[in-house]
Amino acid sequence: DTAVSQTPKYLVTQMGNDKSIKCEQNLGHDTMYWYKQDSKKFLKIMFSYNNKELIINETVPNRFSPKSPDKAHLNLHINSLELGDSAVYFCASSARAGIQEKLFFGSGTQLSVL
Amino acid sequence: TQLLEQSPQFLSIQEGENLTVYCNSSSVFSSLQWYRQEPGEGPVLLVTVVTGGEVKKLKRLTFQFGDARKDSSLHITAAQPGDTGLYLCAGEGDYKLSFGAGTTVTVRA
Numbered sequence: 001d002t003a004v005s006q007t008p009k010y011l012v013t014q015m016g017n018d019k020s021i022k023c024e025q026n027l028g029h030d031t032m033y034w035y036k037q038d039s040k041k042f043l044k045i046m047f048s049y050n051n052k053e054l055i056i057n058e059t060v061p062n063r064f065s066p067k068s069p070d071k072a073h074l075n076l077h078i079n080s081l082e083l084g085d086s087a088v089y090f091c092a093s094s095a096r097a098g099i100q101e102k103l104f105f106g107s108g109t110q111l112s113v114l
Numbered sequence: 115t116q117l118l119e120q121s122p123q124f125l126s127i128q129e130g131e132n133l134t135v136y137c138n139s140s141s142v143f144s145s146l147q148w149y150r151q152e153p154g155e156g157p158v159l160l161v162t163v164v165t166g167g168e169v170k171k172l173k174r175l176t177f178q179f180g181d182a183r184k185d186s187s188l189h190i191t192a193a194q195p196g197d198t199g200l201y202l203c204a205g206e207g208d209y210k211l212s213f214g215a216g217t218t219v220t221v222r223a
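Those protein sequences? They're chains A and B, same order as listed.
Per the numbering used here, the very first residue in the first sequence carries number 1; after that it's consecutive.
Per the numbering used here, the very first residue in the second sequence carries number 115; after that it's consecutive.
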């Protein structure tokens, strides 16, 4: 079983559309994250949830809205997609929020906005 | 955001050669992690270093944390094609991980 799974793997869409990416972890972890990796491979944190509560919210356009229905799931909804949103989005989880925690990443969702 | 710079950006070597990649910052980190990412996959944690001056070994990989906890290096001995990948360092501060842009390592058979 995949520890952190996200769907879809690829997402191609037009500018202005709204799309969602889903993430689930079966590790029993308390904390989940969304990261964005740009074309230069720079990986930047967007959001973090601990037990369904938002604990990290970096400077991200409010077109991006995370939702955590339970601690095993963290979904990302994006409104009014723009060309600059094209990137690979990674979901990750850790046992808890804190220092020296090991992050387990999903295999990414490659979003292409045309 | 605490910035980490990794160098070199790209590294291509022959199987059996040694290589070193560097991770530098002007910020002090409470810990530093190294990840390896393969194409189409997410990063996978290799090691966490915590103490200034700490050295950790993972088979042919040697990781060092700088004395001032601002920099780190990864040394691979006798590289193999299976070591090919994107190596990312990530520094921890304020309960957040800040990633460098990575070093893409290609080991040719």
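A few of these clues could be false.
To be verified - Among chain A residues calculated to face chain B with C-beta under 10 angstroms, some are:
#1 Gly16
#2 Lys19
#3 Tyr35
#4 Phe42
#5 Ile55
#6 Phe64
#7 Ser68
#8 Ala87
#9 Ala95
#10 Glu101
#11 Gly108
#12 Ser112
Hints listed in this document are in silico derivations from the structure and should not be mistaken for laboratory results.
In this text, all values refer to a predicted model and were calculated from it rather than measured experimentally.
Where a beta carbon is used, it is the ideal one built from N, C-alpha and C, also for glycine.
Results for each hint:
1. Gly16: The hint is violated - Gly16(A) has no Cβ within 10 angstroms of chain B, the shortest such distance being about 28 angstroms.
2. Lys19: 20 angstroms, violated
3. Tyr35: Holds - the Cβ of Tyr35(A) comes within 10 angstroms of chain B, reaching about 8 angstroms at its closest.
4. Phe42: 4 angstroms, holds
5. Ile55: Hint on Ile55(A): holds, closest Cβ of chain B at ~8 angstroms, below 10 angstroms.
6. Phe64: 17 angstroms, violated
7. Ser68: 18 angstroms, violated
8. Ala87: 13 angstroms, violated
9. Ala95: 12 angstroms, violated
10. Glu101: 9 angstroms, holds
11. Gly108: Since the shortest Cβ distance to chain B is 6 angstroms, the answer is holds.
12. Ser112: Violated - the Cβ of Ser112(A) stays beyond 10 angstroms from chain B, reaching only about 15 angstroms at its closest.
Of the numbered hints listed earlier, those contradicted by the structure are 1, 2, 6, 7, 8, 9 and 12.
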